[in-house]
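Here's the letter readout for the chains.
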Amino acid sequence: MSTLSERVLGAGAGDYVDANVDRAYVHDGTGVLTLEAWKEMGCPGPAHPERLYILFDHIVPANNSTTAMLQRELRVFARSHGIHFSDIGGGVCHQLMGEGEVLPGEVVVGADSHSCTLGAFGAFATGVGATDMAAVWASGETWFRVPETIAVRLSGSFNGAAEAKDLALAVISKLGMDGASYKALEYIGEGTKLLSMEGRLTIANLATEAGAKTGLFYADDVTREYLLRFGHRVENQVPEPCTYVGEVRIDIGDLEPVVAVPPRVDTVKPVSSLEGLQLDQVFVGTCTNGRFEDLQRFSSIVKGKKVKVRTIVVPSSAEVLRKAADTGVLSSIIAAGCTIGTPGCGPCLGAHMGVISEGEVCLSTANRNFTNRMGIGGSIYLASVATAAASALAGVLTVPELVP
Amino acid sequence: MKLEGDAVCLGADIDTDVIIAGRYLRTKDRKIWVEHVFEDLDPSLGSRLRGAVIVAGNNFGCGSSREQAAVALKEAGLVAIVAPSFSRIFFRNAINIGLPVVEGDCHCTSGDHVVVDLDEWTVTCGGTRVPVRPLSARMQELLRAGGLVHHWRSKKP
Ligand code: SF4
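Protein sequences appear in the order of chains L and E.
With the working numbering as the guide, the letters of the first sequence map in order to residues 84 to 487.
With the working numbering as the guide, the letters of the second sequence map in order to residues 1424 to 1580.
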């Protein structure tokens, strides 16, 4: 009788395990330090290069010669060791791993805190630092303390303008920024069944903002159908009775559009309570909300209209961009006056583009609103794609209407 | 092992963006991280870390997985960090690079002398001694070796 984390890791909560890692990935940011630690370890080559991924997304294309040089070193390393590699414009690492790489029941580590995103597939997926990752490159293994699990019991279905992002923020608001520290979240209940794979990825992505080690959905028919598109046949994971250390209940039908007010992700308020807040920039994208479903929803709201505030849209992968181009979603977004960035993290981390100035306010579909993250002295409000679209059209924070 | 230093007291939820901002990550030059550590919180803080012990609130090191945050603190000369809880990735990163971090709830004022006792698992500060949670055996081993890289090298045949 185990939680999903216990089942995947093969041990009980509180136990320490040495786990075989099925997939391990770094990006251009964390890859640099990983490579440094790796060199210090003095290993001849990775134990299982076929399980390793180096995916460029943080500063793409390179913004200066230092970045270019660091990226070059990683690129050469990936190629010389036969490691899976995605160059600039391929997309955000978590999105790429979710495009048919990660399968239910796998153990996945990423050198990035949002690696918990892949828990949406019923994998045990979590973030590690650079030195831990270097050891994974060297040995193909890492250790974990099997986490206790908090259940997030979902019922009902969306019946207003709220979407997966609002649900994810509601969970964080209930738990607080460290409410799930060292623990896993497991999303269970009838309400999970109607959530799309994209929505599940958005929800699992935000697990780390409540301090959780990972957030897991049991693989079901939705997971199976999604992975079949990538040629994978997988089996459903059937929940069994198990012990949770806590429970959060959410009726999805009760949710309304919300924003996370800076500088904390757990300061969550209804959009209606802050309606009219002046905006300087709207940003749609990231590993949280830059998927095709998100761009499609955004375009359905802005189509035939014009945005009143500068709006940056960054598809989370090349595949998302291609699909958006093929379906007319992209042209509606461009016609509405938005600018499009290279698939990747874009302005999310405030390192190279889309930076906001002191005193400016950005409404973003990302997952962090920490002080100065997108530029010194600027503020970031986090919201759903529908809220971002309605607000971009109005130029001020606006409650979205039900998307047709 | 006993570690000592003067307390630098910080609040809760100190995130890694505040420890070292994203704009300084594109380098391997550790001096740059030391130069800009805590810049957005208090630019004078970085120069007070040498020989100090950070005593912080809950959830220290939350946010991004950037190991540069732990490295910046260690390179700045920090002796140890005491907080009631840490973000798990930061906690692992710190031990992996040989920076002692312990979970305990102690109250003191910046400048107080702090003694972290890694044998007795206590922290003494502001005249009171409080218990801290012992590190797991595995983490103690890593810390004793000076971090994961050294541990790895010492195990190699
Ligand atoms: S999109 Fe933002 S949160 Fe996601 S991996 Fe990139 S920088 Fe991190």
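Calculated directly from the structure, the hints in this document are not laboratory data.
Check the hints yourself; a few may be wrong.
To be verified - Okay, derived cross-link-like pairs now, DSSO-like style, lysine-lysine, Cα gap no bigger than 30 Å in a straight line:
#1 K257/L to K1578/E
#2 K388/L to K1578/E
#3 K1578/E to K1497/E
#4 K122/L to K1451/E
Unchecked claim - So these bits of chain L aren't anywhere near chain E, every CB distance computed over 10 Å:
#5 T113
#6 L153
#7 D195
#8 A213
#9 L360
#10 F375
#11 G387
#12 A434
Beta carbons are placed, not taken as given, at the ideal position from N, Cα and C, and that holds for glycine.
Exercise. So which hints don't hold here, by number, going up?
Worked result: 1, 2, 5, 6, 7, 8, 12
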